[in-house]
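**Student:** From first to last, the protein sequence lines are chains A and B.
In the working numbering, each number is its position in the first sequence, counted from 1, plus 2.
In the working numbering, each number is its position in the second sequence, counted from 1, plus 26.
Because the hints were derived from the structure by calculation, they are not lab data.
The reader is advised that the hints may include incorrect statements.
Only pairs whose alpha carbons sit at most 20 Å apart, straight line, appear in this in silico SDA-like list of lysine to any residue [unchecked claim]:
hint, chain 1, residue 1, chain 2, residue 2
1, B, K311, A, K304
2, B, K131, A, K338
3, A, K737, B, G225
4, A, K620, B, G225
5, A, K623, B, A262
6, A, K623, B, E504
7, A, K235, B, D130
8, B, K440, B, G378
9, B, K131, A, A443
10, A, K338, A, E383
11, A, K623, B, E259
12, B, K131, A, E226
13, B, K441, B, H484
14, B, K191, A, E383
15, B, K191, A, E233
16, A, K623, B, G225
17, B, K191, A, K747
18, B, K334, B, G225
19, A, K747, B, D130
20, A, K304, A, G196
21, B, K191, A, G440
22, B, K441, B, G363
Now the stretches of chain A that chain B is said to cover, found in silico as 3 or more residues with beta-carbon under 8 Å [claimed, not checked]:
hint, region
23, 673–679
24, 682–692
Here are the simulated distance ranges between beta carbons [said to hold, decoys possible]:
hint, chain 1, residue 1, chain 2, residue 2, range
25, B, E374, A, A346, 46 to 52 Å
26, A, L348, B, A133, 49 to 55 Å
27, A, P59, B, H85, 51 to 57 Å
28, A, R534, B, A133, 52 to 58 Å
29, A, K372, B, P122, 45 to 51 Å
30, B, A133, A, N441, 19 to 25 Å
31, A, N441, B, K334, 55 to 61 Å
Idealized CB from N, CA, C, for every residue including glycine.
Residue strings, one per chain:
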Amino acid sequence: MNSDPSSALLVPGGTKSRIGVVLVLSLVIGALLSDASAAATNSTHWAFQPLIRPAAPASKYAGIIDAFVSTALARKDLHIGEEADRRTLIRRLSFDLRGLPPTPDEAQAFLQDSRTNAYDRLVESFLAAPQYGERWGRHWLDIVGYADSNGYFSADSDRPLAWKFRDYVVRSLNSDKPLDRFIQEQIAGDELVGYVVDGDVTPEMVDPLIATHFWRNAPDGSGESDGNPLEMKVDKYAVLEGNVQIFGTAFLGLTLQCARCHDHKFEPIKQEEYYALQAVLRPAFEIDHWLKPNERLIEIGKRADREEQKRRTAEVERDLKTLNASLEGLIAPFRKQVIDENLAKLEGGLRKEIQQALEVKEKDRDKAVKALLKKNAALVEVSAEELEKKFPTLAAAAEPLKHAIKKRESEKPAPLDQIAGTYESGKTVPAHHLLVRGNHANEGVEVPPGVPAVFHTAYPLRCDCETEEDAGEAASQVPKLASSGRRLALGRWATAPENPIVARMLANRIWNYHFGQGLVSTVDNLGQSGARPASPELLDYLATELIQSGWSLKHLHRLILNSATWKQALASSASVEVEPALVRSEPRRLDAESIRDAMLSVSGELDLASGGPYVPTKTDKQGQVVIDEQQPGARRRSIYLQQRRTAPVDFIGTFDGPAHNPVCVQRVFSTVALQSLSLLNSEFIQVRARAFAHRLLESGAESRETDAILNRAFELAYGRPPTPDELSAAEAFIKEQNVIYRDQKDPTVRVWTDFCQMLLASNAFLYVD
Amino acid sequence: MHFCMWIDSNFSLNRRSFLRTSAGGLGTLALTHLLGLENQAAGNASQSVSPLAPKTPHHTPRAKSVICLFQHGGPSQMDLFDPKPELNKRDGQDHPGSLEIHFDKQAGKLLKSPFAFRSVGQSGIELSELLPNTAGIADEITLIRSMITDSVDHESALRIIHSGKFQAGRPTWGSWVIYGLGTERQDLPAYVVLSDPGGLPVDGIRNWTSGWLPAVYQGTQIRSEGTPVFNLEPLADVPAPARENQRHFLEALNRSHLQSHPGNSELMARIRNFEIAAKMQTSVKDVLDLSNEPEHVKKLYGLDHQNKATANYAKRCLMARRLLEQGVRFVQVFLNGQPWDTHDKNAERLRGLCEMTDQPSAALVLDLKQRGLLDDTIVMWAGEFGRLPISQGKDGRDHNRHGFSLWLAGGGFKKGYVHGATDDFGYKSVHDVVSVYDLHATLLHALGLNHRKLTYPHEGRQDNLTDVVITNADPIPELLS
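Kindly produce the complete structure, drawing on both the sequences and the hints.
**Tutor:** See the structure below:
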């Protein structure tokens, strides 16, 4: 495998190089991980213990999840509830896997499917839908703190290429890319594919390189930072700090920030260990040779091809310059003639003044000159078109030149495609120091790269050449370093089967997204200060199952979605008091994006186009951040809307959209009156309601019975026909609105718009059982 | 995050999310909060306990509410509040000691204040000639001349003074106050932000974020021009009777849905929120309708001022008083951008800034006093840091975190009192130094809250505004009468 730099270095004799010694890091970590008796840690905390697959308890349930759950529930005199009916199941499943409601056709097909595997088939079809990756990709983007803006200062400048990472995530989840590979690519995709700065970027390298945008998600104000050197240093360190925070909450299940200034007071993390993690990133984020966000770019293509492209572009541009100059030379005398004629009408003083002003080269013109020319623009600004019209000889002479320009322009190569990724310059591997009390002006001892000792590894890690080799001598023997290999080692460490924490974190989050409650309720904190798991055996079963399945997320989905635990109907609220993680008792409100997407889906407007640059937001005249209804892509799924950290779309924010500071570890679900105002009075819901009404009234529905339209409306919005109460309320409402709008324009549409809006504002639409 | 989150009695935090966030040990308030929800779940749902219900403070409070007039950018203490004869005498000379300088390449010599100071009021506090109206309330204020903070970077310093640490994403002190005290008026937001119609201040909506406290504790922006709250106005082409029918129909749908989820408090809260939303259309407008304010009051604030910026700021100060009168707990008035950041033309720009803020700020204190509201209201006039005694470039002043001034009025703070002092040049606080953290502890103390006890479970521990382990924050009793 030549694409793997560390394995390439296994050749004898390579071990004296810096990279070779870094290889020792991976080996050391690997050796320690596999040594179950590693004495390095003295923590007895459950989450740090080796992951051992627990034996399933005897149970009447065939499924192992249910066996664990029913055993845990039995201890508290509870049991798994009855299976929900099919209408409830398909709506629950559709929102869970796709973030969208089922269509009435899908619901009907499922209701009528008498095959024994009807439910399995439904799960498979939703897992195979492209919308699955968008839904679960959104969860991952929360975890890693994705945003389309740099978000450090108020300027909150743009991240024009971040969308490639978003699309990579969606693509990876849709293809069920093994999560170990998915994680390794994000941590060290550049090192996995052996990227060398300015080297070849072949098509196979593109996705892993895009994945390294993972380390670009943290707020980064270094592009806007000014002030003194210390302040700029603080802004650069903020990127390292944000990244360590994201890494900690995403993969270690620990909040590490406390250890930035002092040893962690609640977890077994020393301050040095915090900086050891920073040191892993340091070669990619060189404080002394800093790359601002818009300089940290990778060009796609083979090096030779890119150089050729640049050469050809330069050539074309040079030719165009010459051609344009010739054209201008041709036009100039005619223009002068016209201007002179224009100026001849003026009195001498002013004429002279303007003539002198025109003689000043454009770049040398000062304010006064510019103002004078602007004031007399009608006299001195003569376009080429006007001149050609006036002088046919000019037009004839210019024609071949213009043709040549156009032709040459068409020969200009397409601009190079770029990636906002993470990579090392390969020039130096800087020493990293602890900051005394977190003070950026006070560097303390040098800290080698490493991971916290509590995870069954030795501390400090022996990982850099300094420990065994003479650094200077070793470095001088290596003509050019690809990279330090530190992140690659970290990625391998994170996804080693012996690593207990990452698989537990993932299993817990997956459970959390399926049930609205993690097996460990503090999903970002599996540490000593976090909650205890509701069923430690179940969590470990899921974690080992994830690893043994080849890190297949879809495998875990199938296990969970096929469990009686997931399929149970809402239970009495008494049982949730006892065991909130294992029973279903409360309806779940749709998250912000699902509300918006579901409204668009029900109204028939949803644009399912996938991927590409974000749909830009704008600030309306009220000051509200919205998507302009006229904007192309305005009806696309919410994951594709621009996500500025300081200016989230108000509709999404009102319904508890993610707050990335820097990550959104856990969505909250609030119930506040501002949401009611939005459901009653926002332009967004009004436009959806009108479209929904038109959808109902389409296809000759004018002649249809009210009840038939009502039935379809409820099927679309609630996934079921109306109850008798709902039906009579709806009929009465339609009658009343008919009276009000009787003498107005488009009465039918207005009546049904009012009706549709209320369906979209109602709890049966906003909640899933 | 919520750009603008309404706060009302019928909020209900999803129980599960609450249980999730509170697993790591509970502070007293969090426990009360949890017990409230437990009661609710235990079948007392019709009287669901709101996280915004008025709460009993830790000790007898001096103040019930707060109006913060925030002055983004770092007002220049030696030109406004802190006279320095020695600085004036040595104008143009080198500063004798070392200075922490932000824009070090432009550092100049000592720069005297061109403004005269005079003793004002019974108390004889010395104030700059730029503040004739503040002079009129000198006997009402506590002027702190010895403030310090930990950053000379605007954003970091803003986060420190608003939320106790330089990191983004922590709850602002307004959120802590609402979390600790709740609110007495349920159909108005408890924490209102009156932002400048010209635009948001530097660091934007983070200035009033609830961070990791529940979103109900977040500041709600009310605009002084146009629609005060987003989506408050009903849709124009739906006539009132049609809207009335809609609400009844919606309620019927939701009641029917509730029957299949009996006793679910969140669903019930959502039903009631629609009633509240309808009421808000009048309650918010009433509070902000200035047409019934007597002319002399408008004049006092400066609503008739020829300078539009002054009239605008005056309007927000008057709106702040009206909100407070109606039971809003915490009001913050903000300016656009960071106008006090006088890196150049310091003197000239200070003239304009004082013309804008001096009269309305003082009027607010006078008006509250006349109405008997000042005793239990804290008015705070503050920026995030101060400025240096040396010049930046020709005529500007650079950031300074080692010394700055601010004033407080009402709410138990001493009247006509000067606290602390800076060195001879106004660079460094040297006597009775007050850190921003001490100020926070003191403000909470005045509101009846113990800064050590006002905690919320976050990242596995009981976190709070002042984080004593790091900041050594302590209330300063000398500031209170």
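**Student:** Against this structure, judge whether each hint is valid.
**Tutor:** The hints, checked one at a time:
1. K311/B - K304/A: violated (64 Å)
2. K131/B - K338/A: Distance ~48 Å between K131/B and K338/A Cα, so the pair is violated.
3. K737/A - G225/B: Violated. K737/A to G225/B sits at ~46 Å, over the 20 Å cutoff.
4. K620/A - G225/B: Roughly 15 Å between the alpha carbons, so the hint for K620/A and G225/B holds.
5. K623/A - A262/B: Within the cut-off at roughly 16 Å; holds.
6. K623/A - E504/B: Status violated; Cα separation ~48 Å.
7. K235/A - D130/B: Holds, at about 15 Å.
8. K440/B - G378/B: violated (29 Å)
9. K131/B - A443/A: At roughly 19 Å apart (the allowed maximum being 20 Å), A443/A and K131/B satisfy the hint.
10. K338/A - E383/A: holds (10 Å)
11. K623/A - E259/B: holds (14 Å)
12. K131/B - E226/A: holds (18 Å)
13. K441/B - H484/B: violated (38 Å)
14. K191/B - E383/A: Given pair K191/B, E383/A is violated - Cα atoms ~57 Å apart, limit 20 Å.
15. K191/B - E233/A: holds (16 Å)
16. K623/A - G225/B: holds (12 Å)
17. K191/B - K747/A: violated (58 Å)
18. K334/B - G225/B: holds (15 Å)
19. K747/A - D130/B: Outside the cut-off at roughly 69 Å; violated.
20. K304/A - G196/A: holds (14 Å)
21. K191/B - G440/A: Since the Cα atoms of K191/B and G440/A sit roughly 13 Å apart, the hinted pair holds (cutoff 20 Å).
22. K441/B - G363/B: violated (31 Å)
23. 673–679: holds (count 7)
24. 682–692: That given contact holds, which follows from 4 residues of the region 682–692 of chain A lying within Cβ reach (below 8 Å) of chain B.
25. E374/B - A346/A: 46 to 52 Å: holds (47 Å)
26. L348/A - A133/B: 49 to 55 Å: holds (52 Å)
27. P59/A - H85/B: 51 to 57 Å: Check passed, 53 Å falls within 51 to 57 Å.
28. R534/A - A133/B: 52 to 58 Å: holds (57 Å)
29. K372/A - P122/B: 45 to 51 Å: This hint holds: roughly 48 Å between Cβ atoms.
30. A133/B - N441/A: 19 to 25 Å: Because 23 Å falls inside the window, the suggested range holds.
31. N441/A - K334/B: 55 to 61 Å: At 45 Å between Cβs, range violated.
Violated hints for the displayed structure, listed by number in ascending order: 1, 2, 3, 6, 8, 13, 14, 17, 19, 22, 31.
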